[in-house]
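*Asks:* Here are the chains, one letter per residue:
Number of protein chains: 6
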Amino acid sequence: MSNEINVRIVSPITTKGFRKDSDFDIIRNSDLNISHSQIEIGPASIETEFDEAMCQPDTILKIIDAENEGCDAAVIDCMGDPGLKGARECVTIPVVGPCETAMHYASMLGHKFTVLTVLERTKPLIENLSKIYGVSSKLASATSVDIPVLELEKDLDHTLKQMTNKAIQSIEKDNADVIIFGCTGMLGCADTIENNLKEKGYNVPVIDPIPLAVNSAYVLAKLKLSQSKKCYPYPPEKGMVGFEKPKLKAVN
Amino acid sequence: MSNEINVRIVSPITTKGFRKDSDFDIIRNSDLNISHSQIEIGPASIETEFDEAMCQPDTILKIIDAENEGCDAAVIDCMGDPGLKGARECVTIPVVGPCETAMHYASMLGHKFTVLTVLERTKPLIENLSKIYGVSSKLASATSVDIPVLELEKDLDHTLKQMTNKAIQSIEKDNADVIIFGCTGMLGCADTIENNLKEKGYNVPVIDPIPLAVNSAYVLAKLKLSQSKKCYPYPPEKGMVGFEKPKLKAVN
Amino acid sequence: MSNEINVRIVSPITTKGFRKDSDFDIIRNSDLNISHSQIEIGPASIETEFDEAMCQPDTILKIIDAENEGCDAAVIDCMGDPGLKGARECVTIPVVGPCETAMHYASMLGHKFTVLTVLERTKPLIENLSKIYGVSSKLASATSVDIPVLELEKDLDHTLKQMTNKAIQSIEKDNADVIIFGCTGMLGCADTIENNLKEKGYNVPVIDPIPLAVNSAYVLAKLKLSQSKKCYPYPPEKGMVGFEKPKLKAVN
Amino acid sequence: MSNEINVRIVSPITTKGFRKDSDFDIIRNSDLNISHSQIEIGPASIETEFDEAMCQPDTILKIIDAENEGCDAAVIDCMGDPGLKGARECVTIPVVGPCETAMHYASMLGHKFTVLTVLERTKPLIENLSKIYGVSSKLASATSVDIPVLELEKDLDHTLKQMTNKAIQSIEKDNADVIIFGCTGMLGCADTIENNLKEKGYNVPVIDPIPLAVNSAYVLAKLKLSQSKKCYPYPPEKGMVGFEKPKLKAVN
Amino acid sequence: MSNEINVRIVSPITTKGFRKDSDFDIIRNSDLNISHSQIEIGPASIETEFDEAMCQPDTILKIIDAENEGCDAAVIDCMGDPGLKGARECVTIPVVGPCETAMHYASMLGHKFTVLTVLERTKPLIENLSKIYGVSSKLASATSVDIPVLELEKDLDHTLKQMTNKAIQSIEKDNADVIIFGCTGMLGCADTIENNLKEKGYNVPVIDPIPLAVNSAYVLAKLKLSQSKKCYPYPPEKGMVGFEKPKLKAVN
Amino acid sequence: MSNEINVRIVSPITTKGFRKDSDFDIIRNSDLNISHSQIEIGPASIETEFDEAMCQPDTILKIIDAENEGCDAAVIDCMGDPGLKGARECVTIPVVGPCETAMHYASMLGHKFTVLTVLERTKPLIENLSKIYGVSSKLASATSVDIPVLELEKDLDHTLKQMTNKAIQSIEKDNADVIIFGCTGMLGCADTIENNLKEKGYNVPVIDPIPLAVNSAYVLAKLKLSQSKKCYPYPPEKGMVGFEKPKLKAVN
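Protein chains in written order, with numbering that gives the first Met the number 0: chain X, 0 to 251; chain W, 0 to 251; chain C, 0 to 251; chain L, 0 to 251; chain H, 0 to 251; chain A, 0 to 251.
No lab work stands behind these hints: they were computed from the structure.
One thing to keep in mind: the hints can contain errors.
As the list makes no split between identical chains, a pair holds if one copy fits it or if it spans any two.
What the hints assert, rightly or not - In silico DMTMM-like links for lysine to aspartate or glutamate, alpha-carbon gap of 25 angstroms or less:
| id | residue 1 | residue 2 |
| --- | --- | --- |
| 1 | Lys19 | Glu126 |
| 2 | Lys221 | Glu236 |
| 3 | Lys197 | Asp156 |
| 4 | Lys221 | Glu243 |
| 5 | Lys228 | Glu119 |
| 6 | Lys221 | Asp30 |
| 7 | Lys130 | Glu236 |
| 8 | Lys237 | Glu68 |
| 9 | Lys172 | Asp30 |
All chains should be modelled from the sequences, with the hints used to inform the complete structure.
*Replies:* If you want it as structure tokens, here you go:
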């Protein structure tokens, strides 16, 4: 009998091909199996509060699907953690947000952390999340590279250079001890940035949120820990217009 | 030419007949015109984080409609303020949340306030909103009458009695100086509760959030104040699957 | 019978002629009647903690007069909100402070706000008020134009230029999304500053505290809301030397 | 030549005979000289925000007198610390508030402290002071004996019993580690309360604010430390109606 | 070649036999190897601030040994996290504190958490740690079973009953959504407590800190993340009397 | 019989000759007697979290000795306040930390204070202490002169120049109103720095922590106040390996 833990990553954007299954190879290992799904209703990418709102319904429905399909945990593939609380109500398996996980781990690895986001406009969102997650006193700053999500890979050299410069700035000016990538589209760049910083004399951890969130989901599933049903109780059955009615495993 | 201010109230639930146009007669006056709309996609009522997530997309779209139809301000008819931030990005007219408005006014009227919600499960939601709105130090408590939204009017006497008892408890145990109704379904009950409290010797203001939010929207529109476009900039145009594409007035 | 709301503005300074009745014409409208009074004991202007202390006794007595003369609400004409809490104890009508009101509205209109004061020395005062009002986490900064109150109009062009420059600085360096005038002597300048900022590409609301406070007082009076008598109970009768004994309406 | 430190205690109430000079004998010692003055304009006692406001002008003027008469430090004889900030601007000698001093010392002596006030209505005042003084996280609670200031000595046995009971309650329910007297009218009762608590098995320090404030003033004067003139700069000369113009030593 | 991660658990107490190697069997798995060491200088158990201080030097030295012996991460076996910060300076491998880890995970699993400690006296210690770790707003309460560490297993039935009762109390009175064991001596009891709570109708996660900390250390080592050397730089070489001089791997 | 108060200063470093008895002459006076001791086990100086941990055991033991030798109070001679909480448990006499005392007095003397430390690396330590002491909202900044403790006197001119420059920077950039020396090795330099600042136009108090802590200890002893035994109860007797067993006066 297998001890494998099955983690489902749900991408809350409708752009096809942004994620390839092989993107997650660096995270997979012998007892950690990763599957991937994507919303079918919602925005092409997430950069605004408006996008966050539009992607939430189907993100939650896709996480309900994950539980029904036998997954042991689900990870939301966006640093705004859209749908996190709603999804936690609907399922029994742990639902993990990369922003929440990265902020809590960064709080442990250093005195203060900076979140390196895509656009200036997402800074208040990051600050608000840090307040709800309870770690606002550990947030050194939120800063941005000023590149839209879907253009991060257009000129990857420029993107990496911007990320490095902004990381250095946050270390020198904001006293950041840890850098968190503020967009899951930056997946895979942590080693490069960490090395660039080391060359400048800064030995600080750089958190790539998706690998960390997946491993955190793995730990929770392994230890049979999940969100508290006291504060995330199942939603009561009620009328729902325009969306498929969620088929909650726990209630059936 | 008229100096009338047109305020649109958007109910983020799909249950028909829950709101009658005459419900708002107590708020209307000579230079305050009120219109009402309701979402067509989403839950029957709002009592969970899941409901909040499901109602947001169409709530925002209905607020965009309000601006396109010439309204001067929009008020969301739910104490979770669903879609507030997303809607503020999409329009130029002020978008007002009854929870946010009530919490800030209550902070002015007393040292601490209590929010009287429908169900126990909404208490963390209220606490989280108070953190984001910046007034968590003024929140005495969130308490509940333990009656689902759609059943508040089933046995109105019981509902009012429960509301009175819970208000007294929050005054005596939690040192509340002001009571806020935690569900816009309690509309119209403030006088009764205030009088019940007076009979028990407690002279405390009871805030009925919708009349306050509408009047606050009126003030903003009259003074030509609205949400800052620095932190609520218009969303960039991008692909959107499964929802009508928003027709933003400011961008067209 | 009239539905008019009568709001009394009380200026807590003894300088004659600083306020003209016509100053308030921009705020008056069909159902909002404004009267004005001024203290007779106290400082020429308010710029220090010392001034705040000296102006409070007569400010409170003038607000008691306002209630006795039939006003429906009172507004204190100074951004230090001197006498606010003491006056709230003495009367039943709502007493409104422009600083408190502006800070709470600014908290709703943006993620963070800046208060643009007259002198450097008032910055700690503004920070302390934000702590008591419960919104210190929303205060981006307090900054100053370095011009004494009674000289604001001496060289109005210079004053407006300074205000614009300091507002821009607070937007760029402190991440302010909303600007609040930190002195009620800046009354009437909001449009100019807002336009100056727009020309520089910043679309941020500028709050002129007196019009906002008066309209907020109007809303409270209309909705029959006032400060909680639980935390602002009437003062007990007791000896008072050197001031006229207050004639409290509620107690007589 | 004498190394004596002269500390002036200023009572901000107009009731004659409430303080006798011999009240301070327990504090005097070889190099600590104590003098006493009292306001001539203001309320009979201080129990309300209104009283606080009315007593401030003459309290500040009496502290200016203290400096002009050669005192080395001044202590305000009221737990609301009325006029503290205004007086600090006007003089160079250290001005000490018993509430501020007691809260900071209590923060050092235990994990949390409780302030035992006279009336329920002063609880928000205590909480607000703790916010401004920066120690709100150390405040376990503010509780009251429900006896007006001028009646504390009417039935001293009852007063002491109430104080003991309320102290025990705050230890058991609010986790207080230190008790602060919330009214300087309780002067001299600390030993009794401390012993009463010891009999009940609670070994907690009880702070009598006036002796502590006077000794703290003595320490500041001895070490030539005083309030920062950066945040308490001298007030500019300006018109003042109805009060004697302050004769500031530093400016003359 | 093996991909095994080697985690060293360091028990900061000198009592022999308190930990058996088999205690950790429930945590071990195919790619997670656990070794164990114990301090030789220090107290028999840890229940006081005094004990915390006395155990720290050798705890840090044993963690330095762990790195020198090839371990990939170290976990401190005490909920006071003694020596955590000092050890992080001395080594390159991640050093993990069970209290810090449990508090951050609990912050993710629920709105608020309670720490169930051994003795009343450790409650301020827990509150202080929550402040430094940045999650004090998520702490519902610290409560105690009032049983010394070394007696937890004397009457295990009584201990489990007390733990259950106190957990229920913290759920009902303090609104705890998650329970954290406040002493690593409670290792292995989570399932029992979780089931007891379920029987009472409370579906809340119970965190056993050591298994969580070890798995968290495993994740950090696997992802090559460790404490930031910006805020935990290596200590400079200097004289040390009475302790063996630490042999830092990174510096040699 | 003498009324002299005996204060013991305990230096938590093993470097001989760093402190001369005459260093404390400036603090001694007619009724304040000062004695001095030094640890025999621990680091040469304190600049790291590692040093803090290593010096704590013997610091606590030396404070127990102080009580046994008849001292009335003890002061720890290091701005990290190492062993403060542990020592408070072990003795009945007040134990005073210079950092805690300086931070609380600075909170009274100004709106915000800066701590001027030796090395950059101690900044998080200062910030964490301010959180535990409850005054983090009063901390303007922690800044450093970048000179190791044992080299402060090597080039005293350079040291004083650096201290002045950093103090000015914290006044101008961080809005500090008060400067605290962040290392007790800076003893005796306050007058010089204060004068240097005055020459630059800044009239701000400079706190030399040891004289203030000693005088604060004197006040506590005189007023018979000490740490609360509710939160600092005596440690239970238990096994202790490698350190002499503490001989607690209160328990014997």
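*Asks:* Hint by hint, note whether the structure agrees.
*Replies:* A quick look at each hint next to the structure:
no., hint, in the structure
1, Lys19 with Glu126, "neither (30 angstroms within a copy, 39 angstroms between copies)"
2, Lys221 with Glu236, "neither (30 angstroms within a copy, 40 angstroms between copies)"
3, Lys197 with Asp156, "within (18 angstroms within a copy, 35 angstroms between copies)"
4, Lys221 with Glu243, "neither (31 angstroms within a copy, 40 angstroms between copies)"
5, Lys228 with Glu119, "between (36 angstroms within a copy, 13 angstroms between copies)"
6, Lys221 with Asp30, "both (10 angstroms within a copy, 13 angstroms between copies)"
7, Lys130 with Glu236, "neither (31 angstroms within a copy, 29 angstroms between copies)"
8, Lys237 with Glu68, "within (23 angstroms within a copy, 32 angstroms between copies)"
9, Lys172 with Asp30, "neither (42 angstroms within a copy, 41 angstroms between copies)"
The structure fails to meet hints 1, 2, 4, 7 and 9 from the earlier list, while all remaining hints are met.
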